[in-house]
Amino acid sequence: MHQSDEDLSRRAGTGDLEAASELLDRHYQKIFSYFRRLSGNDSDASDLTQKTFCKVWSGIGGYGGRSKFSTWVHSIAHHVYVDWRRVHNRLDGQTDEWWLACPGEGPSPFDTAADKDLAGHLYGLIEQLEEDARETVHLHYYQGLSLQETADALGIASSTVKYRLRNALDVLRNRLPEEKRS
Amino acid sequence: MNIPPEKIEQLLRKAPSPTPPAGLFQDLKAEIILPRTRPSQANGFNHPGFFRRWMPVLSLSLWLMACLVLLGVQMRRVAGLRDENTRLLAAANEKSTIAPQAAISGDAELNRLRAESLEAAQLRAEVTRLREELTKLEGLRIENQRLASELQSSGKAGMPGQPQDFIAAAAEKGERIKCIGNLKQVGLGARMYANDHGDVMPKDFGSLKNELPNESVTFCPSSNGSVRFEILAPGEKEGDPNVVFARCPTHNNVVLMDGSGQQLGDKFKVVIRADGKPIVGRGN
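Quick note, the sequences are listed as chains A and B, same order. Position one of the first sequence corresponds to residue -8 (the working numbering), numbered consecutively onward. Position one of the second sequence corresponds to residue 7 (the working numbering), numbered consecutively onward.
In case anyone wonders, no lab produced these hints; they're calculated from the structure. Source: prediction; values computed, not measured. Be aware that one or more of the hints could be misleading.
Said to hold, decoys possible - Only pairs whose alpha carbons sit at most 27 Å apart, straight line, appear in this in silico DSS-like list of lysine-lysine:
no., chain 1, residue 1, chain 2, residue 2
1, B, Lys13, A, Lys153
2, B, Lys20, A, Lys59
3, A, Lys21, B, Lys35
4, A, Lys107, B, Lys13
5, A, Lys46, A, Lys59
6, A, Lys46, B, Lys35
7, B, Lys273, B, Lys283
8, A, Lys21, B, Lys13
9, B, Lys209, B, Lys190
10, A, Lys42, A, Lys59
11, B, Lys20, A, Lys21
12, B, Lys35, A, Lys59
13, B, Lys215, B, Lys283
14, B, Lys20, A, Lys107
15, A, Lys42, B, Lys35
16, A, Lys153, A, Lys21
17, B, Lys20, A, Lys153
18, B, Lys273, B, Lys184
Construct all of the structure, not just a fragment, from the sequences and the given hints.
Here is the structure:
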């Protein structure tokens, strides 16, 4: 029988290791992807993922179910990433090459080669955005969180999330032709 | 080239997901350290979460309650101080009012004490003077005894005008006067009785118990008060003032119907008039 994340987290809060394993299986890939896109390498992404889930298990007793479990985990991941950037002074984003190479692995989600080419440029431009806008785009578009979930994960209002996304799209629309021309 | 925003959003949502390295899941699973189970959490009721959720409201409520308690205590203290202030003001006013009166009464008391002191000094002087006179009288009494003994020895004793006879005569006269006084009181009481009973005089002294101060006034003071007055006109009408109402058999004193008292002596006596009523007449 399929159990919701909230039920599993409640069981995990009582020390149920099996429920904790099920939660880990459901969410570790998305969290790793989040860190992998932001950090740029597997090693740091793995470390950050481990730190994130260490915090998840230590704080699972205080999870009151006020938000979705995935939102709560992303909120922890966001804080782990901010701490990591602060400690390592990592302000650089991923390069175009990584994004260009990454979509090429496995079956392509794009319909045409032009879309694939355009997506590579677009991902590269995302990493050149300001930090707040970049993280908002990562959580909303790459991680698939809703506006409210993104706002909860970042600890801001949903209106702020809308504002950041609109600004980011405007910047991307203005820069894409230039990139293409260059 | 103008790419619509929907296209950009579509491409962003199709962003590839990096594949986790092999063994990451096993590592993460091995690092799972869950908190120790507590009974309250085992039942699904999370106390820390509950308190954390309601802590702001609880703290605010406690703060407001503490403020209310503090306010109540302060208001009570202020009320107490106000009452104390009112009481002290009243006491101060009362004291300022009483002080002049006390001064006035103090002066009066001082004057009274001075007067009493002066009177005591006068009394002491009087006592001293009386003692001196007593000493003189003692000397005179001794002289009088000496003279009396000399007179007795010279054979002139028994002469009229001896001191003992004089004193006895004075006592007799006093008793007679007191007898007249009693008779007048009886006559006055009889007239009061007559006013209340249709001008009819009482028949006996028992009828006069409400009009007389005491029963002893119905007796003659001589012979140790053993002789009672005689009612000569019991039940008579009050109209004739010459009629004798009562008489002292010892001193021959009478009281008439009009309340006047008379000493008849040896020359007069009570006689019966032709109509049978007692009046004052010649003795012989």
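A quick look at each hint next to the structure:
1. B:Lys13 / A:Lys153: Since the Cα atoms of B:Lys13 and A:Lys153 sit roughly 17 Å apart, the hinted pair holds (cutoff 27 Å).
2. B:Lys20 / A:Lys59: 23 Å, holds
3. A:Lys21 / B:Lys35: 16 Å, holds
4. A:Lys107 / B:Lys13: 12 Å, holds
5. A:Lys46 / A:Lys59: 17 Å, holds
6. A:Lys46 / B:Lys35: Holds, at roughly 14 Å.
7. B:Lys273 / B:Lys283: Cα-Cα ~20 Å, so holds.
8. A:Lys21 / B:Lys13: 24 Å, holds
9. B:Lys209 / B:Lys190: 17 Å, holds
10. A:Lys42 / A:Lys59: The given pair, whose Cα atoms are some 20 Å apart, holds under the 27 Å limit.
11. B:Lys20 / A:Lys21: 14 Å, holds
12. B:Lys35 / A:Lys59: 21 Å, holds
13. B:Lys215 / B:Lys283: Holds, at roughly 25 Å.
14. B:Lys20 / A:Lys107: 10 Å, holds
15. A:Lys42 / B:Lys35: 13 Å, holds
16. A:Lys153 / A:Lys21: Since the Cα atoms of A:Lys153 and A:Lys21 sit roughly 23 Å apart, the hinted pair holds (cutoff 27 Å).
17. B:Lys20 / A:Lys153: 20 Å, holds
18. B:Lys273 / B:Lys184: Holds, because 21 Å separates the two Cα atoms, which is no more than 27 Å.
Hint check: no violations occur; every hint is consistent with the structure.
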